[in-house]
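A.B. asks: Since each chain comes alone in its own frame, lean on the hints to assemble the complex.
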Amino acid sequence: METIYMSKVKKSKVEQNPKQEVSVSAKVAEAQNVNLFYGDFHALKNISFEATPNTVTALIGPSGCGKSTFLRLFNRMNDLIDGVSISGKILLNGENIYDRKTDVDNLRKRVGMVFQKPNPFPKSIYENVAYGLRVNGISDKNYISEKVRTSLVQAALWDEVKDNLKKSAFELSGGQQQRLCIARALAVEPELVLMDEPASALDPISTAKIEDLIYELKKTYAIIIVTHNMQQAGRVSDFTSFFYMGELIEHGSTKQIFTSPKDIKTQNYVTGRFG
Amino acid sequence: MLFLILGFIIVRGIGVINWTFLTAMPKEGMTGGGIFPAIVGTFSLIIGSMLFAFPIGVLSGIYINEYLKESWFKSFIRMMTNNLAGVPSIVFGLFGMALFVNKLKFGDSILAGSLTLGLLALPVIIRTTEEALKSVDDSLRIGSYALGATKLQTIYKVVLPISFPNILTGLILSMGRVSGETAPILFTVAAYFLPKLPHSIFDQVMALPYHLYVLTTSGTNMEASRPMAYGTAFVLVAIVLMFNLIANALRRYFGKKVKMN
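These protein sequence lines are chains D and R, in that order. Here the working numbering is used: the first residue of the first sequence is 1, the next is one more, and so on. Here the working numbering is used: the first residue of the second sequence is 276, the next is one more, and so on.
This is chain R alone, in the form it adopts within the complex (with noise of 0.2 Å):
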C-alpha cells in the first residue's frame, strides 16, 4: 500500500520536478512556476516548531521519567500526554489561533505557527524521551551514586548520553510529522498565496501542505494547476521520507559512537 501511494506520487510529481520548480516563485494563478516560498516556509515552521518543543519536550521527558516518584500523579501526567498525543491536529489549530494568533496577538505568523505546532510535537517528543530515558539499566544510575555523583551528574553524564540517539530519533522522526500536518498552520501562518519570502518571525509563509491542500481544491484553474499539485506532493513526501531515513542513519551513527566512546 506505502508503495502504492509512493509510486503514484511518484509517477505523476517526478516529471514537474525541475530546478525552476523549487528555486521559483510560483506565477500564473499557481498553474505555473515553482514552490520556492513554500518550502522556505516549511522549513522554518519545522525549525521554529522544534526550538519551542524539544528543549520544553526533553525537560519533562527528564522530569517525568527521573524524577517523579510513582503515583497517581506520575500516571496521571501519563495519561494527559497520551490523550494530548490523540487531539486531532485541528484543534491544535483552533487553539493555536485563539491563544497566539489573537491572545497574544502574534498575528498569522511564523511565530504562532510554530508555536502551535510545537504543541503538536510536544506529547511525542515527551514520550520518546521519557522511553528512551527509561530503556536505560538502572544499574549504571546505581553505579554512578555509589561513586559520589548526584543526581544531576548521573542524569547528565550518564543517562543521557546513553538515551541521546533515541532522543534524537524521536526529535527527528516527530520534524517529519510537523513538516506534514496542514490542519494546524491553516488558521495560524499559512498563506494562500505569497509569493515572496518572509523577512521575521512575524510574517506569514506558504507551507507545502497547506499549498497542496489549495492547489487541489482552489486553485484559479484547477487542471492547469494539477501537476504542480503532484510535483509539490512528491517534494513533502521526499522531505518526510528524508527525515525518517535521517533519524534512522542518526541513530546507527550514534549507537555505535556511543559503545565506543
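Isolated chain D (complex conformation) (with noise of 0.2 Å):
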C-alpha cells in the first residue's frame, strides 16, 4: 500500500537499466520492462529484474519506493487494487504470468507470500497450514498430515507445537504466528517465495530465529523479501536491488551494493545518508 502515499514524481530520465550482472542457469522470477500504474501515477519504471533458486533477493529503498508493489506483481496480488495497470513481461520459470491465459488462482499456488503483519486464521495451527491444501481440493487425510508436519518442520516451528496442533493459532506469540504462517505457504510447495518485511512485527529474538529460517529455506527455494532493515538485508540476502522513487537503481550482489555501490543514490541510501 506504501507506494500510494507517494508524491507525484516528475517524469524524469528513466535511469539506464542495471545491467544484469549476475548470470546463472535458470531464472524462478523474471521481469522484464515492467511498468505500473496507480491511475496516471506511475508507480514501477521499466523495470528488469531476475531471482534465481537456492537465492536470497532482498529489496530495499525508502518508503514508497515501490518495493513492495514490485514484490505484489509476483502472485498477481496487485490486481486487487483498484485502478492498476501494468505492461511489461512478469515470468515465473519462464512463463509470462500476466497472459490472458494465466489461472491467477493456480499462480498464488505456485508462488508462497508471507506478509508484514502476521495473519494465521483464526482456525488451530493444523488446519492453518493445512487450509492451502484443502482450498486446492486435497482431501487425502494422510497426505495433509505428513505435509503439516513437514512444514512446521520448516518453519522451525514443529518442536513447539507438536503436542498442540488442536489449539488455536492466535495462542501462539507474534514470532510463532510469523513462523506459522511461513509453514502455510510452504504446505502448497511453491516455487517462489515472497516476504513483504516478515520481521518487522517482530522483537529482536524472533526477528532472528526468522533469519535463521531464511537461511535453511534458501536451500530449497527462491526467495524475494522486502525490508527495511539493512542490516537485515546484509544478513539473510545474496542478492540485493536498491529501488528508489519507482526506478529500480542498481541490482547486484549484496556485497556489491553494500560495499562498492555503483550509483551515488544507492551508495548514499546503504550508508544512511537519506531513507
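None of these hints come from the bench; they were simulated from the model. Watch out, some of these pointers could steer you wrong.
Partial chain R-side listing against chain D, Cβ under 10 Å, derived [as the list claims (entries may be wrong)]: (1) Ile337; (2) Asn340; (3) Tyr342; (4) Leu343; (5) Lys344; (6) Ser414; (7) Ile417; (8) Ser419; (9) Ala421; (10) Gly423; (11) Gln428; (12) Thr429; (13) Lys432; (14) Pro470; (15) Leu472; (16) Pro473.
No more than 30 Å apart at the CA atoms, straight line, and that leaves these computed lysine-lysine pairs for DSS-like [to be verified]: (17) R/Lys349 x D/Lys89; (18) D/Lys167 x R/Lys426; (19) D/Lys117 x R/Lys344; (20) D/Lys255 x D/Lys89; (21) D/Lys166 x R/Lys344; (22) D/Lys167 x R/Lys349; (23) D/Lys117 x R/Lys471; (24) D/Lys167 x R/Lys409; (25) R/Lys349 x D/Lys162; (26) R/Lys432 x D/Lys166; (27) R/Lys409 x R/Lys349; (28) D/Lys218 x D/Lys141.
No residue lacks a Cβ here, since even glycine has one placed at the ideal position from N, Cα and C.
C.D. replies: Okay, structure coming up:
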C-alpha cells in the first residue's frame, strides 16, 4: 500500500537499467521492462529484474519506492487493487504470468507469500497449515497430516507446537505466528517465496529466528524479501536490489551493493544518508 | 424506564400465568381460557419469516460487502436498505396485503404474514450481515488469496466462520423484533378469534401482539379480559426477552468456539 502515499514524481529520464551482472543457469522469477500505474501515477518504471534458485534477493529502498508493489507483481496481488495497470512481462520459471490465459488462483498456489503482520486464520495450528492444501482440493488425510508436519518442521515451529496442533493459532506468540504463516505458505510447495518485511512487527529474538529460517529455506526455495532493515538485508540476502522512486536503481550481489555501490543514490542510501 | 415497564407488566401479568393459560384455547369471549393458538401462531410466523428473510438477507449482505466495489451504486443500495428499515411497519402491512394476500392470492395466511414480516426483517439482517463481514480483517482475506483460494472459498472458509456469531446475533434480534410486530400481520394473517391450530401455511392464525391489541381494545367484556391482556403482554415480553438472551448467549458461545476452532 505504501506506494499510494508516494508523492507524484516528475517524469525524469529513466535511469539506465542495471546491467544484468548475475548470470546463473535458471531464473525462477524474472521481470522484463515492467511498468505499473496506479491510475495515472507511475509507480514502477521500466523495471527488469531476476531471481535465481536457492538465493535470497532483498528489495531495499525508502518507503514508497515501489519495492512492495514490485514484490506483489509475482503473485498478482496488485490485481486486488482498483485502477492498477501493468505493462511488460513477469515470468515465473519462464512462463508469463500476466498472460491472458493465466489462472490467477493457480498462480498463487505456485508462489508463497508471507506478510508484514502475521495473519494466521482463526483456526487451529493444524488447520492453518492445511488450509492451502484444502482449498486446492486435496482431501487425503494422511497426505495432509504429513504435509502439515513437514511444513512445520521446515518453518522451525514443529518442536514448539507438535503436542498442541489443535490449539488456536491465536494462542501463539507473534514470532510463532509468523513462522506458522511461513509453514502455511510452504505447505503448497511453492516455486517462489515472497516475504514482505516478515520481521518488522517482531522482537529481536523472533527476528533472529526468522532470519535463520530464511537461511535454511534458501536451500530449497528462491526467496524475494522486502526489508527496511539494512542490516537484515546484509545478513540474509545474496543479492540486493535498490529501489528509489519507482525505479530499480541498482541490482547486484549484496556484498557489492553494500561495499562498492555504483550509483551515488545507492551509496547514500546504504550508508544511511537518507531513507 | 425499561424496568418500570417490565415491572408493571410482570406484576400485572404474572398472576394470570399458569399451565392452562399457556396451553389452552381461549374461551368465553376471550375472558377465560388460554392463549395457546396465539403462541403457536407467533412462533410459526417467526419461523416462516426467517426461512424467507435469513437466506436472502445474508446473501445480499455478502454480495454488498464482498462483491460490490465502492461506487455510487453501492451507496445507493446502502441508502435504500436504510430507508427500507425506516419504513413504518403498517406500510409493510399494506404492501403485504396488496401483493401477497390479493395479487398472489395467498389469502390471509401464515405464508402471506411470514413474507410480510420477512420483508420487514430483511433490511436489518442485510445490515447486520454487512457489518459482521466488514469487521473481518482484510489481511485474512489477502492471506487466503495468497494461498490460491478462490473468492468463494475465502468467503466460505475464512470470512463467514469468523463473522457467523455476529450474523446469528442479528438474526435472533430480528426474530425478537418480528415476534412483537402487530401492524404487518394485521391485514395479512392475524385472526381476531380462532380457537384452533393451523394445519397448513395457508391457514390464518392468531398471534400474540394482535391478540393483545384485540383484548385491550375490542373484547366482548373489556373488564373481564383485562387480566388476560396483561398475561398476554407478559408472555410476549418474555419471548422477546428470551430471544435477546439467546442472542447474547450464542454470541458468547461462538465467540469462544471460533477462537478455539
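A.B. asks: With reference to the structure, classify each hint as holding or not holding.
C.D. replies: Consistency of the hints with the structure:
1. About 18 Å separates the beta-carbon of R/Ile337 from the nearest beta-carbon of chain D, more than 10 Å, and the hint is not met.
2. Given the 10 Å rule on beta carbons, the hint for R/Asn340 is violated: about 15 Å separates it from the nearest Cβ of chain D.
3. For the restraint placing R/Tyr342 at the interface with chain D, the shortest Cβ-Cβ distance is roughly 13 Å, beyond the 10 Å limit, so the hint is violated.
4. With a cut of 10 Å, the hint placing R/Leu343 at the interface with chain D is violated, because the nearest CB-to-CB distance is about 12 Å.
5. Interface hint at R/Lys344: satisfied, since its Cβ lies 7 Å from the closest Cβ of chain D, which is below the 10 Å cut-off.
6. Hint on R/Ser414 holds. Least Cβ distance to chain D is approximately 4 Å, under the 10 Å limit.
7. Hint on R/Ile417 holds. Least Cβ distance to chain D is approximately 7 Å, under the 10 Å limit.
8. At a threshold of 10 Å, the smallest CB-CB gap from R/Ser419 to chain D is about 7 Å, leaving the interface hint in force.
9. For R/Ala421, the shortest C-beta to C-beta distance to chain D is roughly 4 Å, which falls under 10 Å, so the interface hint holds.
10. For R/Gly423, the suggested interface contact is upheld, since its CB lies about 3 Å from the closest CB of chain D, less than 10 Å.
11. At about 5 Å, the closest approach between the beta carbon of R/Gln428 and any beta carbon in chain D falls short of 10 Å, and the interface hint on this residue holds.
12. Among the interface hints, the one on R/Thr429 holds; its C-beta lies about 8 Å from the nearest C-beta in chain D, closer than the 10 Å criterion.
13. Hint status for R/Lys432: holds, given a least beta-carbon distance of 7 Å to chain D, under 10 Å.
14. Taking 10 Å as the C-beta cut-off, the interface hint given for R/Pro470 is violated, the closest approach to chain D being about 51 Å.
15. The beta carbon of R/Leu472 comes no nearer than 44 Å to any beta carbon in chain D, farther than 10 Å, and the hint placing it at the interface is violated.
16. A least Cβ separation of about 43 Å between R/Pro473 and chain D goes past the 10 Å threshold, and the interface hint is therefore violated.
17. Between R/Lys349 and D/Lys89 the CA atoms are separated by roughly 35 Å; this puts the pair beyond 30 Å, and the hint is violated.
18. Straight-line distance between C-alpha atoms of D/Lys167 and R/Lys426 comes to about 27 Å, which keeps the hinted pair within the 30 Å bound.
19. At most 30 Å may separate the alpha-carbon atoms for a hinted pair to count; D/Lys117 and R/Lys344 meet this at roughly 25 Å.
20. Restraint check: the Cα-Cα separation between D/Lys255 and D/Lys89 comes to about 28 Å, which is no more than 30 Å; the hinted pair holds.
21. Distance check on the hinted pair: D/Lys166 and R/Lys344 sit about 37 Å apart at the alpha-carbon level, beyond 30 Å; violated.
22. Using a Cα cut-off of 30 Å, the hinted pair D/Lys167 and R/Lys349 is violated, with the two alpha carbons roughly 39 Å apart.
23. For the suggested pair D/Lys117 and R/Lys471, the alpha carbons sit about 62 Å apart, so the restraint of at most 30 Å is broken.
24. A threshold of 30 Å between alpha carbons decides the hint, and for D/Lys167 with R/Lys409 the separation of about 26 Å falls inside it, so the pair holds.
25. Among the hinted pairs, R/Lys349 with D/Lys162 is inconsistent with the structure: their alpha-carbon atoms are about 47 Å apart, more than 30 Å.
26. For the proposed pair R/Lys432 and D/Lys166, the alpha carbon gap of about 17 Å is at most 30 Å, so the pair holds.
27. Between the alpha carbons of R/Lys409 and R/Lys349 the distance comes to roughly 14 Å, so the proposed pair stays at or under 30 Å and holds.
28. For the hint pairing D/Lys218 with D/Lys141, the CA-to-CA distance comes to about 29 Å; that is within 30 Å, so the pair holds.
Of the numbered hints listed earlier, those contradicted by the structure are 1, 2, 3, 4, 14, 15, 16, 17, 21, 22, 23, 25.
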